[in-house]
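Chains as they are written, first to last, in the numbering used here: chain C, 1 to 167; chain A, 1 to 337.
Please keep in mind that the hints were generated in silico from the structure rather than gathered at the bench.
Just so you know, even glycine gets a beta-carbon here, dropped at the ideal spot from N, CA and C.
Be a bit skeptical, because a hint or two may be false.
[Stated by the list, open to error] Derived CB-CB ranges, DEER-like: (1) C/55 / A/42: 57 to 67 Å; (2) A/20 / C/154: 37 to 47 Å; (3) C/150 / A/209: 43 to 53 Å; (4) C/62 / A/304: 16 to 26 Å; (5) A/192 / C/66: 51 to 61 Å; (6) C/75 / A/171: 31 to 41 Å.
[Said to hold, decoys possible] In silico DSSO-like pairs for lysine-lysine, Cα to Cα no more than 30 Å straight-line: (7) C/156 / A/77; (8) C/148 / A/243; (9) A/162 / A/210; (10) A/243 / C/139; (11) C/110 / C/4; (12) A/163 / A/301; (13) A/301 / C/139; (14) A/301 / C/61; (15) A/301 / A/59; (16) C/156 / C/139; (17) C/148 / A/210; (18) C/68 / C/18; (19) C/4 / A/301; (20) C/148 / A/238.
Here's the letter readout for the chains.
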Amino acid sequence: MLVKMVMELEDVPGQLLKGLEPIARFGGNIKSIMHQRERKTPLGRLPVMLIFEVRDQATLKRILAALKQAGVRVTQVGEREGEIVNTVLLIGHIVHTDIRQTIDQLNTIKGVTVSELNLAVGNLGHESSARMIIAADNKERSMLAISKLRDIAERKNLLLVTSIEAV
Amino acid sequence: MRIIIVGFGNLGRGICKAFVEKADFLRKVHGLVPKVVAVADEFGAAVDENGLDLPQLLKTAESYKTVARYRGGRRGKLVLDLIDEVSADLVFELTPTNIKNGEPGLTHIRRAMQAGKHVITSNKGPLVVAFKELDSLARKQGVEFRYSASVGGAVPVIGLAKKLLSANEISEIRGVLNGTTNYILTRMSAEGVPQEIIIREAQELGLAEKDPTLDIDGIDTACKITILANAVLGMNAKLSDVKVVGIRRITPEATRLAQEAGQMIKLVGIARRDLLEVAPKLVPLGHPLAVGGTLNAVTFKLDLAREISITGFGAGPRETSSSLLGDLIDIHRALGG
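This is chain C alone, in the form it adopts within the complex (with noise of 0.2 Å):
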């Protein structure tokens, strides 16, 4: 799992080992680091967001105790809301049903873009098939969208097949 954390630490030498330690002693991996200076507080603290993957919640329970235990203030930790991408192929009279139409569809939901569109077009007579790559930024907007592509599908004719882990 992703988690975004937010500690703060004094600005002096040696305090961002400090809060990073106890994520590495545990296996997370940090994806990023960001000093926001900007937002230094009335004590003169330091918040930092991080970004960290970890194995599970029992994981990330352990690195906020020893985060505890060493002192590092964490003011905010939740899971990360990052893009969902979601691969679903397209059988059916694709082109012809207006494949452009399906994808501005989608794109007018708020946080969701059709990222890639690959056809093969079926010879004469014969069904098309496509593979979408449909991003959005959280899971509702996900599940919005896959249901929205369900509906389009459900009127235009076309057979969607969805991920087995979109279910």
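Add chain A to chain C, keeping to what the hints say.
What follows is chain A alone, placed relative to chain C:
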């Protein structure tokens, strides 16, 4: 144990071959001596209260296409008479599946239970049409009822589910439950050949029925999902409750597009309390359900164990006899044997 076998196609013969092959093993390990006292097929029956000579019976069925030619055998519709009158402990109901009304299997099973005989079946028809009725009839009559071979062939889907249920709650069952469609999809994806050609070859190899509609259109998988919903999730589901899409529209190009994205197209059945569905799905390579060829695979979602998956051969008389024999041993044990 005295046994009546109804239906003597591939599965009926398969279980008899297993009785012959495993006779010593069954006696030594389980103290079980199966004695087949009557066998019926669509043309007639063979009966011997002292136990039929199984190698001879198999030879007769092979040569004459009916057991009626076995010495002392008779022609005619004799099944119900056998079930009622022949002294036996257990009936194997192995006639072909009829999803419309479950017959003739449904009547066979009812009559066997009413006659106080335990029942083992591979027949999906009666289970899809009347699971609740048969389940309660068995209880009422105090007889054992097993149907492992109806889902997953040799893969012990129902047996494992019941075992897992003793400590877990099962929230979802997903599976690749039809070997024929899995074979077709696997070959389409490997060779880029159109579906019609692979179906024809599969028919020649005996992997697809003459009329493969039930497989291709997902109905066979939907039957299995219905059975799992009722037998494992405790639902009261009908076949018509399952949302079904088959693989007819899957093109070789679609399987290639999937492959390029690290996915396989599989016909997946899903049983959840709020969803009964059969549809082609994208399954990532390396996923437990990403099995090739004629294999079946099932994943259970559980509260304690999280996920458990099994895979194996979903069809074939020898493979399926593993499930049928397993049921028999299970009943033998349940009866204190």
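- Query: Taking only the CA atoms, is the gap from residue 110 of chain C to residue 4 of chain C under or equal to 30 Å?
  - Reply: Status holds; Cα separation ~23 Å.
- Is the gap between the beta carbons of residue 62 of chain C and residue 304 of chain A within 16 to 26 Å? 22 Å, holds
- Message: Hint check: residue 156 of chain C vs residue 77 of chain A, CA-CA at most 30 Å. Holds or violated?
- Response: 52 Å, violated
- Task: Please work out if residue 148 of chain C and residue 238 of chain A have their alpha carbons no farther apart than 30 Å.
- Result: 28 Å, holds
- Holds or violated: residue 301 of chain A to residue 59 of chain A, with C-alpha atoms at most 30 Å apart: At roughly 45 Å apart (the allowed maximum being 30 Å), residue 59 of chain A and residue 301 of chain A break the hint.
- Query: Should the hint that residue 150 of chain C and residue 209 of chain A are 43 to 53 Å apart at their CB atoms be regarded as holding?
  - Reply: 31 Å, violated
- Query: In this structure, is the beta-carbon distance linking residue 55 of chain C and residue 42 of chain A contained in 57 to 67 Å?
  - Reply: 58 Å, holds
- Is it true that residue 75 of chain C and residue 171 of chain A lie within 31 to 41 Å of each other by Cβ? About 36 Å separates the Cβ atoms of residue 75 of chain C and residue 171 of chain A, which means 31 to 41 Å holds.
- Pair hint residue 156 of chain C and residue 139 of chain C, alpha-carbon separation not exceeding 30 Å: 26 Å, holds
- Query: Is it true that the CA of residue 4 of chain C sits at most 30 Å from the CA of residue 301 of chain A?
  - Reply: 28 Å, holds
- Message: Holds or violated: the 51 to 61 Å window for the beta-carbon distance between residue 192 of chain A and residue 66 of chain C?
- Response: 54 Å, holds
- Is the hinted pair residue 68 of chain C and residue 18 of chain C satisfied, with a Cα-Cα distance of at most 30 Å? 11 Å, holds
Checked against the numbered hints above, the structure violates hints 2, 3, 7, 9, 15 and 17; every other hint is satisfied.
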